[in-house]
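Sequence order for the protein chains is U, G and B. All letters in the first sequence, in the order written, are residues 3 to 265 by the numbering used here. All letters in the second sequence, in the order written, are residues 3 to 265 by the numbering used here. All letters in the third sequence, in the order written, are residues 3 to 265 by the numbering used here.
Where hints are given, some of them may not hold.
Note: identical chains are not told apart, hence a pair may lie in one copy or across any two.
[Said to hold, decoys possible] Each computed BS3-like pair below joins lysine-lysine, with the alpha-carbon atoms no more than 30 Å apart:
{"id": "1", "residue 1": "78", "residue 2": "53"}
{"id": "2", "residue 1": "106", "residue 2": "264"}
{"id": "3", "residue 1": "187", "residue 2": "155"}
{"id": "4", "residue 1": "8", "residue 2": "165"}
{"id": "5", "residue 1": "8", "residue 2": "106"}
{"id": "6", "residue 1": "53", "residue 2": "259"}
It is worth saying that the hints were derived from the structure and are not from the lab.
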Amino acid sequence: MSYLTKVREQNPLIHNITNIVVTNFTANGLLALGVSPFMADAHEEVADVAKMSAAVILNIGTLNEHVIRSMILAGKSANAHGVPVVLDPVGAGATAYRTEITHKLIGEMQITALRGNVAEVAHVAGEQWSIKGVDAGAGEGDVVALAQKAARKLGCIVIITGKEDVITDGEVTFIASNGHPILTKVTGTGCLLSSVVGAFLAVAGQSTLEASAEAISFYGVAAEIAAESTAQQGPGSFQIEFLNQLALVTPEIFLEKSRLQKL
Amino acid sequence: MSYLTKVREQNPLIHNITNIVVTNFTANGLLALGVSPFMADAHEEVADVAKMSAAVILNIGTLNEHVIRSMILAGKSANAHGVPVVLDPVGAGATAYRTEITHKLIGEMQITALRGNVAEVAHVAGEQWSIKGVDAGAGEGDVVALAQKAARKLGCIVIITGKEDVITDGEVTFIASNGHPILTKVTGTGCLLSSVVGAFLAVAGQSTLEASAEAISFYGVAAEIAAESTAQQGPGSFQIEFLNQLALVTPEIFLEKSRLQKL
Amino acid sequence: MSYLTKVREQNPLIHNITNIVVTNFTANGLLALGVSPFMADAHEEVADVAKMSAAVILNIGTLNEHVIRSMILAGKSANAHGVPVVLDPVGAGATAYRTEITHKLIGEMQITALRGNVAEVAHVAGEQWSIKGVDAGAGEGDVVALAQKAARKLGCIVIITGKEDVITDGEVTFIASNGHPILTKVTGTGCLLSSVVGAFLAVAGQSTLEASAEAISFYGVAAEIAAESTAQQGPGSFQIEFLNQLALVTPEIFLEKSRLQKL
Numbered sequence: 003m004s005y006l007t008k009v010r011e012q013n014p015l016i017h018n019i020t021n022i023v024v025t026n027f028t029a030n031g032l033l034a035l036g037v038s039p040f041m042a043d044a045h046e047e048v049a050d051v052a053k054m055s056a057a058v059i060l061n062i063g064t065l066n067e068h069v070i071r072s073m074i075l076a077g078k079s080a081n082a083h084g085v086p087v088v089l090d091p092v093g094a095g096a097t098a099y100r101t102e103i104t105h106k107l108i109g110e111m112q113i114t115a116l117r118g119n120v121a122e123v124a125h126v127a128g129e130q131w132s133i134k135g136v137d138a139g140a141g142e143g144d145v146v147a148l149a150q151k152a153a154r155k156l157g158c159i160v161i162i163t164g165k166e167d168v169i170t171d172g173e174v175t176f177i178a179s180n181g182h183p184i185l186t187k188v189t190g191t192g193c194l195l196s197s198v199v200g201a202f203l204a205v206a207g208q209s210t211l212e213a214s215a216e217a218i219s220f221y222g223v224a225a226e227i228a229a230e231s232t233a234q235q236g237p238g239s240f241q242i243e244f245l246n247q248l249a250l251v252t253p254e255i256f257l258e259k260s261r262l263q264k265l
Numbered sequence: 003m004s005y006l007t008k009v010r011e012q013n014p015l016i017h018n019i020t021n022i023v024v025t026n027f028t029a030n031g032l033l034a035l036g037v038s039p040f041m042a043d044a045h046e047e048v049a050d051v052a053k054m055s056a057a058v059i060l061n062i063g064t065l066n067e068h069v070i071r072s073m074i075l076a077g078k079s080a081n082a083h084g085v086p087v088v089l090d091p092v093g094a095g096a097t098a099y100r101t102e103i104t105h106k107l108i109g110e111m112q113i114t115a116l117r118g119n120v121a122e123v124a125h126v127a128g129e130q131w132s133i134k135g136v137d138a139g140a141g142e143g144d145v146v147a148l149a150q151k152a153a154r155k156l157g158c159i160v161i162i163t164g165k166e167d168v169i170t171d172g173e174v175t176f177i178a179s180n181g182h183p184i185l186t187k188v189t190g191t192g193c194l195l196s197s198v199v200g201a202f203l204a205v206a207g208q209s210t211l212e213a214s215a216e217a218i219s220f221y222g223v224a225a226e227i228a229a230e231s232t233a234q235q236g237p238g239s240f241q242i243e244f245l246n247q248l249a250l251v252t253p254e255i256f257l258e259k260s261r262l263q264k265l
Numbered sequence: 003m004s005y006l007t008k009v010r011e012q013n014p015l016i017h018n019i020t021n022i023v024v025t026n027f028t029a030n031g032l033l034a035l036g037v038s039p040f041m042a043d044a045h046e047e048v049a050d051v052a053k054m055s056a057a058v059i060l061n062i063g064t065l066n067e068h069v070i071r072s073m074i075l076a077g078k079s080a081n082a083h084g085v086p087v088v089l090d091p092v093g094a095g096a097t098a099y100r101t102e103i104t105h106k107l108i109g110e111m112q113i114t115a116l117r118g119n120v121a122e123v124a125h126v127a128g129e130q131w132s133i134k135g136v137d138a139g140a141g142e143g144d145v146v147a148l149a150q151k152a153a154r155k156l157g158c159i160v161i162i163t164g165k166e167d168v169i170t171d172g173e174v175t176f177i178a179s180n181g182h183p184i185l186t187k188v189t190g191t192g193c194l195l196s197s198v199v200g201a202f203l204a205v206a207g208q209s210t211l212e213a214s215a216e217a218i219s220f221y222g223v224a225a226e227i228a229a230e231s232t233a234q235q236g237p238g239s240f241q242i243e244f245l246n247q248l249a250l251v252t253p254e255i256f257l258e259k260s261r262l263q264k265l
């Protein structure tokens with residue numbers, strides 16, 4: 003696998019319709035990685051932008067009627083032109099509204115990959131999951147089973163991130179175990195990860211599952227290195243060093259540090 | 003007082019309806035402090051989010067019709083469920099519209115705490131205040147009198163921040179004299195402070211005034227330490243180190259550095 | 003020329019109607035420079051805010067019907083009160099919609115300065131320009147000719163930024179050759195630059211071209227110094243150090259490092 007190299011060589015255009023908290027961090031993270039972010043949600047242009055892009059990311063972190071319509075227009079255009087779509091169902095299950103909108107989006111378009119924490123994915127897939135200790139169980143057997151079930155139900159790649167990350171298409175499953183808890187102290191690290199998955203899908207060809215797994219593992223490696231070099235400094239310094247590492251981690255460093263296994 | 007410890011132990015959910023300039027900084031500041039930010043302004047979910055939160059912060063920095071309605075729905079829900087509400091009247095007085103909307107919000111809900119600079123609070127309370135040298139006079143006798151008058155008039159805690167900060171319920175008054183002028187060179191430091199007051203109110207029980215005073219003093223201590231360790235480096239470095247210090251300042255450091263007096 | 007000194011002395015109020023990706027970075031950059039940013043797009047107040055401001059910046063990075071109307075109201079108010087207007091046509095040409103809206107804005111108001119890359123300016127001016135290698139050609143003869151033609155056609159100062167920057171009113175032309183490629187790895191550096199041009203125009207009196215040229219050159223000097231002192235660290239560190247340098251670059255440092263020539 004060397005999707006990281008392809009991402010940097012091809013510099014794909016990534017269309018993000020995302021929440022108002024993370025626009026800047028998402029754009030800077032993608033630029034650091036070596037890809038071109040495009041943020042646009044005007045109804046008049048989202049179909050055009052999705053069509054010309056190499057991936058579309060839909061993130062429901064701050065919804066309203068306008069942006070839901072933007073997402074549907076962009077998603078349908080992406081489907082029509084063979085552009086992969088990543089859905090990040092931020093807060094699905096936290097309010098009934100978010101669960102409902104997520105189902106609406108999935109009903110209107112074909113998603114390529116769904117990325118969320120275990121509670122979000124469970125709500126999207128309509129499966130039972132205790133909201134307690136949301137991230138604690140990730141990587142354990144039942145999270146894997148949930149991810150696989152969701153992937154088969156939704157017909158897409160499902161990525162559940164947590165202490166360990168599960169990436170599956172319902173048949174083949176990867177477990178990624180890089181990353182660092184301080185990621186949870188910086189807003190938008192999950193959102194940016196979904197966009198990074200989109201960047202790797204953009205260069206994946208048919209190998210969408212392998213590229214998704216590499217995206218997750220790469221992100222975890224960058225976070226680990228950043229956390230090590232800013233230990234004791236706090237989440238402000240980590241945030242900046244993490245942006246640095248998205249630019250600095252080479253394929254060689256990635257291969258050396260990556261802990262990614264196929265189940 | 004040890005509200006800081008309670009904040010970090012209880013990790014309260016803080017609902018912010020805030021302006022588009024400061025969403026990211028506010029979320030990162032709250033995460034650094036140890037609480038859980040939730041940004042949501044969709045009419046369909048704001049009442050639900052306010053109900054499940056431990057405090058609601060309303061910030062009028064960038065208004066429009068949609069978000070005003072969101073604020074009213076969230077504020078009424080908070081009132082109905084005993085959730086404290088902090089109002090940050092950014093720019094009240096700068097335009098007639100902002101003053102009008104602030105009055106509208108106060109007419110529709112009960113505010114727990116109002117935080118602004120002296121000109122903003124004067125406009126909200128309908129008191130005369132020269133716009134010249136807005137922050138210069140904070141901490142002086144007339145600012146204290148204004149804060150106390152506003153608190154009695156509005157029936158809430160009033161916090162006027164400036165060179166010195168006044169925290170009062172109209173009866174008991176605290177003066178906090180930590181902080182650093184470089185705070186004014188980073189956008190959203192006032193906005194984040196209002197959200198931090200909300201986080202302290204979330205764990206305050208009946209001691210809302212004491213918790214508000216501690217919030218203000220804690221924030222000033224974190225700023226002082228960050229300013230010292232980034233002296234001569236500039237506002238970019240200060241911003242990052244300030245986020246670090248929101249995570250790193252312990253109750254012991256706080257007690258040692260805090261300059262908070264009851265009048 | 004010493005517009006930098008005037009900017010810091012006069013601390014002008016700069017009204018920005020900008021995209022949701024760069025609000026925070028723009029505000030922090032302007033604060034670092036020593037001016038007062040004001041972000042407002044409510045229809046009820048934009049005319050008031052534009053009137054009281056020393057410059058208005060309109061940036062089309064993330065459009066919708068609401069904000070287009072805000073821009074027209076603000077632009078007309080600025081024109082009526084002698085306040086300079088800077089237009090940043092982000093992505094003009096990338097979608098038909100953006101080109102159309104840019105033309106609409108120009109039709110509704112008098113722009114003082116237009117700042118974009120060569121492809122954006124070509125689309126705004128209705129001139130042919132190959133979209134390939136957008137920034138590569140800046141500073142070459144044909145870019146100068148394009149800028150001059152656009153300036154005469156639109157009746158405003160035209161600034162094309164790229165490897166070299168062209169600043170012209172159609173008669174007199176400056177070439178600025180400071181700056182650093184890492185600027186393209188941080189989102190919003192072009193957007194902030196347009197706001198910085200506005201800050202310099204705010205103190206320029208009749209010398210709008212000279213002030214614009216100094217703004218561009220100053221920005222490039224700050225970027226160069228920041229890039230030097232964060233070499234090998236990555237775009238996260240550069241972003242923070244660049245904010246620092248917007249505060250730290252003195253008129254003396256600027257004069258020493260500036261490479262600005264009149265053609």
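Hint check results:
1. 78 with 53: Within one copy only: 10 Å inside, 35 Å across.
2. 106 with 264: Answer is neither; intra-copy 32 Å and inter-copy 55 Å both fail.
3. 187 with 155: neither (32 Å within a copy, 39 Å between copies)
4. 8 with 165: both (28 Å within a copy, 26 Å between copies)
5. 8 with 106: Neither: 33 Å inside a copy, 40 Å across copies.
6. 53 with 259: neither (36 Å within a copy, 44 Å between copies)
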